[in-house]
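Asks: In case you want the letters, here they are:
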Amino acid sequence: MSEETNFDAIVVGSGMTGGWAAKELTEKGLKVLVLEAGRPTVPEKDYVEHVPPWEVKFHGMRDRRKLQEDQPIQSLCYACDEWSAKFFVSDKENPYTIESGKPFRWIRGRQVGGRSIVWGRQTYRWSDLDFEANLRDGIAID
Amino acid sequence: MDRREALQLLMGGAALQFASPKLLASLRTARVLLDTPAPLRSLNPQQNATVMAIAETILPKTDTVGATEAGTSQFVDLILTEWYNENERAIFLNGLADVDARTQSAFGKKFVDSSSDQRGKILTDLGEQMTKDALAARDSSHGYRGASAKPDKNFYYMLRNLTLTAYYTSEVVSQQPAFQVSPDR
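As given, the protein sequences belong to chains A and B, one line each in that order. All residue numbers for the first sequence refer to my numbering, where the first residue is 1 and numbers rise by one. All residue numbers for the second sequence refer to my numbering, where the first residue is 1001 and numbers rise by one.
Bound-form chain A, shown alone:
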């Protein structure tokens, strides 16, 4: 293998977790490769939250018919608004199945930065209980 294809670590996905892992590993001096399936993010072009409401078609009321057609699940997330809908996947192109009685809203981003692009800028301190919440609800093992 050539030097270019030799890495100490390969991080799959450049979202909040992958991005953080890559940062920590590179800071420790490792040679890291980050793989991202989504499209590149160009901040000066793609970041649109400063765009005033009169410059988006429905003035912030969302493109309702398009969302119903293409993003019926993603648009259940409050942040999938008229500005940020492009940072959420197409449900048509990314279908998934769930077990009966076990609903799951799979809210996904598919671009460099993943869902960190649309996170709510709020971080709460977690308790021990939070780390066991799913088990207490009878879902998965820990």
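Keep in mind the hints are simulated off the structure, nothing from the lab.
Calculated cross-link-like contacts (lysine to aspartate or glutamate; reagent style EDC-like; alpha-carbon spacing at most 20 Å):
{"id": "1", "chain 1": "B", "residue 1": "LYS1153", "chain 2": "B", "residue 2": "ASP1098"}
{"id": "2", "chain 1": "A", "residue 1": "LYS66", "chain 2": "B", "residue 2": "GLU1082"}
{"id": "3", "chain 1": "A", "residue 1": "LYS57", "chain 2": "A", "residue 2": "GLU69"}
{"id": "4", "chain 1": "B", "residue 1": "LYS1153", "chain 2": "B", "residue 2": "ASP1133"}
{"id": "5", "chain 1": "A", "residue 1": "LYS57", "chain 2": "B", "residue 2": "GLU1069"}
{"id": "6", "chain 1": "A", "residue 1": "LYS57", "chain 2": "B", "residue 2": "GLU1082"}
{"id": "7", "chain 1": "A", "residue 1": "LYS66", "chain 2": "B", "residue 2": "GLU1088"}
{"id": "8", "chain 1": "B", "residue 1": "LYS1110", "chain 2": "B", "residue 2": "ASP1125"}
{"id": "9", "chain 1": "A", "residue 1": "LYS66", "chain 2": "B", "residue 2": "GLU1086"}
{"id": "10", "chain 1": "B", "residue 1": "LYS1150", "chain 2": "B", "residue 2": "ASP1139"}
{"id": "11", "chain 1": "A", "residue 1": "LYS57", "chain 2": "B", "residue 2": "GLU1171"}
{"id": "12", "chain 1": "A", "residue 1": "LYS31", "chain 2": "A", "residue 2": "GLU4"}
We have chain A already, so just place chain B on it with the hints.
Replies: The following block gives chain B in isolation, referenced to the frame of chain A:
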């Protein structure tokens, strides 16, 4: 944007269906500059005049702009055409007709021809019905994330909602001296 740029933009109408929101916004600005508002697609001229009269009664022009100047009827037309479903569209247009029917039976004329006191009376009646519908909706179901359900099948609620949205998201209102996104401390 000057007049020449505005004309050039409007010439490119064929590309409209592929236009970005940014370009669409530029086109709206261009039409304002040329004084040719976008043609209405759902409202007929009579309905449009009634929408404007109601909206202007809710948010009249004073020393700041009124709802008409803020483009409320164009926004209502857009929502009727590309946002509401068939049922909502029917509720809205029937509600609009009902406004004229009420004004006709109370004052013997159309809403647009009635005085501001008469308009106020009609809208007060509609507001009372809206409040009843709002209380019924609140008691019967839950809205988004546990919020109270809204009377979103009530014509007057729909129109008020669109009027306020159109007004407070319009560029011209944001330029009013009295409009402050962050009030002075």
